[in-house]
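Using this note's numbering, read the sequence shown as starting at 1 and increasing by one per residue.
Misleading hints may appear alongside valid ones.
For each label pair, taking beta carbons as the anchor points, the in silico distance ranges come out as [said to hold, decoys possible]:
| hint | residue 1 | residue 2 | range |
| --- | --- | --- | --- |
| 1 | K318 | I18 | 47 to 53 Å |
| 2 | M151 | R347 | 43 to 49 Å |
| 3 | N173 | A100 | 33 to 39 Å |
| 4 | V216 | R155 | 30 to 36 Å |
Calculated cross-link-like contacts (lysine-lysine; reagent style DSS-like; alpha-carbon spacing at most 25 Å) [as the list claims (entries may be wrong)]:
| hint | residue 1 | residue 2 |
| --- | --- | --- |
| 5 | K318 | K218 |
| 6 | K219 | K318 |
| 7 | K319 | K218 |
| 8 | K126 | K164 |
| 9 | K219 | K319 |
| 10 | K126 | K101 |
Worth flagging that the hints you see were computed from the coordinates, not collected in a lab. Ideal Cβ positions, reconstructed from N, Cα and C, are used throughout, including at glycine.
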Amino acid sequence: MGIYMCSEEQTMNGLGFIVEPERRIPLTEDRDVIVAGAGVTGVMAAVAAAREGANVLLVERNASLGGVAAMGLPIQGYVNHAGEQIVLGLAEELRQRLVAKGGALDHFIPCEMHNPYLVVDPEMVKLVLSEMLRDAGVRVLLHAQVANVRMDGDRIDAAFAEGKSGREAFRANVFIDCTGDADLAALSGASLSIADAASLQASTLNFILTNVDTEVIKKFVRDDPEGYGLFPLLNEEQFFRSDRYIMVGLQGLADRARREDPQSALWGNVCYITLVAPGTVCVNSVHVDGYNACDTRDLSEIERLARERVHQAYGFYKKYVPGFENAALTATAPWAGIRETRILEGRRTLTLEAIRQGEIPPDSIALGGYPVDVHSPENNGLIFYKVPTYGIPYGCMVPLGVQNLLVAGRTISASREAMAS
Numbered sequence: 001m002g003i004y005m006c007s008e009e010q011t012m013n014g015l016g017f018i019v020e021p022e023r024r025i026p027l028t029e030d031r032d033v034i035v036a037g038a039g040v041t042g043v044m045a046a047v048a049a050a051r052e053g054a055n056v057l058l059v060e061r062n063a064s065l066g067g068v069a070a071m072g073l074p075i076q077g078y079v080n081h082a083g084e085q086i087v088l089g090l091a092e093e094l095r096q097r098l099v100a101k102g103g104a105l106d107h108f109i110p111c112e113m114h115n116p117y118l119v120v121d122p123e124m125v126k127l128v129l130s131e132m133l134r135d136a137g138v139r140v141l142l143h144a145q146v147a148n149v150r151m152d153g154d155r156i157d158a159a160f161a162e163g164k165s166g167r168e169a170f171r172a173n174v175f176i177d178c179t180g181d182a183d184l185a186a187l188s189g190a191s192l193s194i195a196d197a198a199s200l201q202a203s204t205l206n207f208i209l210t211n212v213d214t215e216v217i218k219k220f221v222r223d224d225p226e227g228y229g230l231f232p233l234l235n236e237e238q239f240f241r242s243d244r245y246i247m248v249g250l251q252g253l254a255d256r257a258r259r260e261d262p263q264s265a266l267w268g269n270v271c272y273i274t275l276v277a278p279g280t281v282c283v284n285s286v287h288v289d290g291y292n293a294c295d296t297r298d299l300s301e302i303e304r305l306a307r308e309r310v311h312q313a314y315g316f317y318k319k320y321v322p323g324f325e326n327a328a329l330t331a332t333a334p335w336a337g338i339r340e341t342r343i344l345e346g347r348r349t350l351t352l353e354a355i356r357q358g359e360i361p362p363d364s365i366a367l368g369g370y371p372v373d374v375h376s377p378e379n380n381g382l383i384f385y386k387v388p389t390y391g392i393p394y395g396c397m398v399p400l401g402v403q404n405l406l407v408a409g410r411t412i413s414a415s416r417e418a419m420a421s
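Use the sequences and the hints to build the structure in full.
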């Protein structure tokens, strides 16, 4: 092994480069389709391809399936602002399987702010997705990080992954990038963009509290709307009537906590979601901004700061939020939820104007209808407003410059404003 030293201007930190010797990498998989990333998007892509007769491999860097859907958040976007279910197909099958196992409520929870949503048990999400992959005959490799690709002109000839068995090479006719950060697309040289770290949406580490009396807060909201008010778009009567709800608000309470103890409240709004099990909530109140989650060091700092802030937020909830006095912190998400990183430049680009106009182009392969939801790093801001049902064109998943790659999930070709929906 040789070390090649060069000037500081040529390197990131002035330490030079280490040149690896040439290696023979075993080709261990030759498939019709390889999917990178096993969040809900990746699982749906893999199952769909397998049911069409493809021989499919799904590669995931973590130990379990589900991604953000296994963090405790509800699944949203099934239903538009008019209360019409617009997402069906495999997503509906997932919902029905969850309901059958007691892993989701058997109905959508009304919410005029977010549109009706589905409360799920994150552990059951992992199980049901695993069963769907098993039943479809998809081969799954966990603890396998896509690390590089070999290109043959404008096609991916092979992808390389690192895992416990070392480095392996995988071949496929088609690759699908569902990593959430367009990792495979970036390695293949597809055209991508990313905003500067200072303007990227904040990241959040969710955590789950048990032993919460979720009804107590309602009395305080009703009796003292100035001190305990809801976010303006939340319907108060709907909030009071439902035993399951999304809380966004209590800004007066958060402001009071900041005055008394600057470390006790971390964001402008109290935000939590009541879960399937009574007395259990998923807290969505931790914000970390100013970092690029596609940079290893920045991502490490996001995770470090987020875990510190979880415990600060936990202290705030127990001290200030009625009904949380006896709450117990029982779980944190395995990693921070990242709202924004790379965005693909595809054959089509979904724009905010198209969303606002409710355009459904002929080549649409899915429908969207979730509100525009921007967690701005400026002044802990939240930009939130409703949109009509709109179409997501197939071309938004087709990158420029790479022939046998598709990109799905939150990195499809869209403007930053459109991606916020």
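Review point. Looking at the structure, which of the earlier hints fail to hold?
Key: 2 and 4
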